[in-house]
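**Student:** Sequence:
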Amino acid sequence: MPRLTVLVQGKPHVLSFRPGASLREILDRSDYRVRSACLGHGACGLCQVRLLSGEGGPHQPAEQFQLSASDLTEGKRLACQMRPTTDLTVEILNPPPPSGWRTPPEGLTYAPAGFAADRPPPPGVSHPVGAAVDLGTTHLSIAVHSLASGQRLAERWGKNPQGRFGSDVVTRLMAAQRPEVAEALAFAARHAIGEAIADVARREGLDCRAFSRVTVVGNTAMLALLADRNHHLLLQPAYWMAPLECTTIDGAAWAQAWGIARQAQIELVPPLGGFVGSDLIAGLVACRLTEGSAPALFIDFGTNSEIALWTGSDLWVTATAGGPAFESGAGSCGTPAEAGAVFRVAETADGGLAFRVLDDDCAHGLCGSGLVDLVACLRRRQRLDAKGRFAEGAKNFAFAVGEREFSLGLRDIDALQRAKAAVGAGIAALSAVAGLPLAALQRVVVAGLFGRYLDIANAQAIGLLPSVPVSHIELVGNTAAAGATALLLSTQAQAMANRLRQQAQLINLAHRPEFEDAFLEHLYLRPTEAS
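In terms of my numbering, the sequence shown has 118 at position 51, counting the first letter as 1, and numbering is strictly consecutive.
These aren't lab readings, by the way, just hints derived from the structure by calculation.
Careful, some of the hints might be misleading.
Distance ranges between label pairs, derived from CB positions [unchecked claim]:
no., residue 1, residue 2, range
1, Arg-150, Ala-180, 22 to 30 Å
2, Asn-297, Arg-447, 41 to 49 Å
3, His-539, Arg-276, 42 to 50 Å
4, Pro-164, Asp-381, 23 to 31 Å
The beta carbon of each residue, even a glycine, is placed where N, CA and C say it ideally should be.
Work out the full structure, taking the sequences as your base and the hints as a guide.
**Tutor:** Here's what the structure looks like:
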């Protein structure tokens, strides 16, 4: 891929990119954004860069309008008007203040097809827009659309600030037993949604008061903590199979705090039950899992991993604790799948290892997919056995990415083993209760940030994915966000979600006798039989 060298306040940073996107879009996925306030149309003139080397293409009309002849002679360009195809070096002339919000990594967004934008917007708002929000345990995603046309206007992606209260849902739920902590957790999530909306409005030149519908999906714990309602019930086994009421009581107050339209519709899409949230329903809508008679499996890897099995006539669903290994990285060398994450590890011909870093040139650590790759490589080299122990009694594996040195330890591997065992046992339990052998699967949909970057062969080699033909496996990215968008805009999507709620049969893994044995079996780092 071509390489983009970016100078920010005199310091160079090197990014890889795929041709097709504008320079502004490439930079918006990284930590090196440009200023902007016009949806990238060239109307604001704020995204100025200086082209130092490489081919930036001909000057566009917007650049000739916004920049003087001397500016153009000096190499000044508008980042939104350049679409680089080869190596390029640019200097950002007026960097914006640092922000925790950026465009999602390339390929993360999943685009469902066939849903018409036919939900009427609330009355009384000119040029109404809506926000579809996926409130994940680790990250928050927001997609902004015109409610009139359905056109996507912008996307943002950032960390869920609730992470400071604990990396997993159970830790946060336990912390929320104290009312003041519950209030802080709710405020953190609401404030983050408001910040994301404000960032979109500011950088895209939109009026916050035009936001007239916000649709939020998430796992059950995140929705309950956001609404500050009934989250204590999730710590009681008697409620693990029951629907949980977690809609907002005072949407007008939320709208006022976010600065959006007074009459805005604030929709917290209700979870299915127990720990199976509306993010699973949204994901099933987005990928249309239950359309057709072919057996299909849906896995949304995350801190709270959700699984659905479609037999062709019945839909079985469950949730299991993935822990931080999938989303936020595990142990001393782990990091979320964001700029600076090592997301791909491969063996080289000379016996070494090659590393790919996401949207940056400086490695911060291994994200979940990079961890899977590295463990698979070490297994093939017999540096690691099926029980997750290093050869010759070693306690870690040291490696370097560029100038950064890291160490993969036994705790890192153990976290991955437990996460994959929980998911594997969940799949086995659904297969058993449905009476459907995994070998019968014609489609396996792997969703989520972690799933988007998986190497399928490596995931199958350590038993993370069933041993079905690779052609049956789809890596689809953030289906929860895509489904939230469909629910924001489409009556057809809403009807499909309602049908899925009626079809879905929820399984509590704690009540499945085969779960414990399956969990122990899936701890091993070896392929699983799709029997």
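**Student:** Each hint should be assessed against the structure and marked as holding or not.
**Tutor:** Right, here's what the structure says about each hint:
1. The beta-carbon spacing between Arg-150 and Ala-180, approximately 25 Å, falls within the hinted interval of 22 to 30 Å.
2. The beta-carbon spacing between Asn-297 and Arg-447, approximately 48 Å, falls within the hinted interval of 41 to 49 Å.
3. Between His-539 and Arg-276 the beta carbon distance is about 47 Å. The supplied range of 42 to 50 Å therefore holds.
4. Between Pro-164 and Asp-381 the C-beta distance comes to about 52 Å, which lies outside the given range of 23 to 31 Å.
Checked against the numbered hints above, the structure breaks only hint 4 and satisfies the rest.
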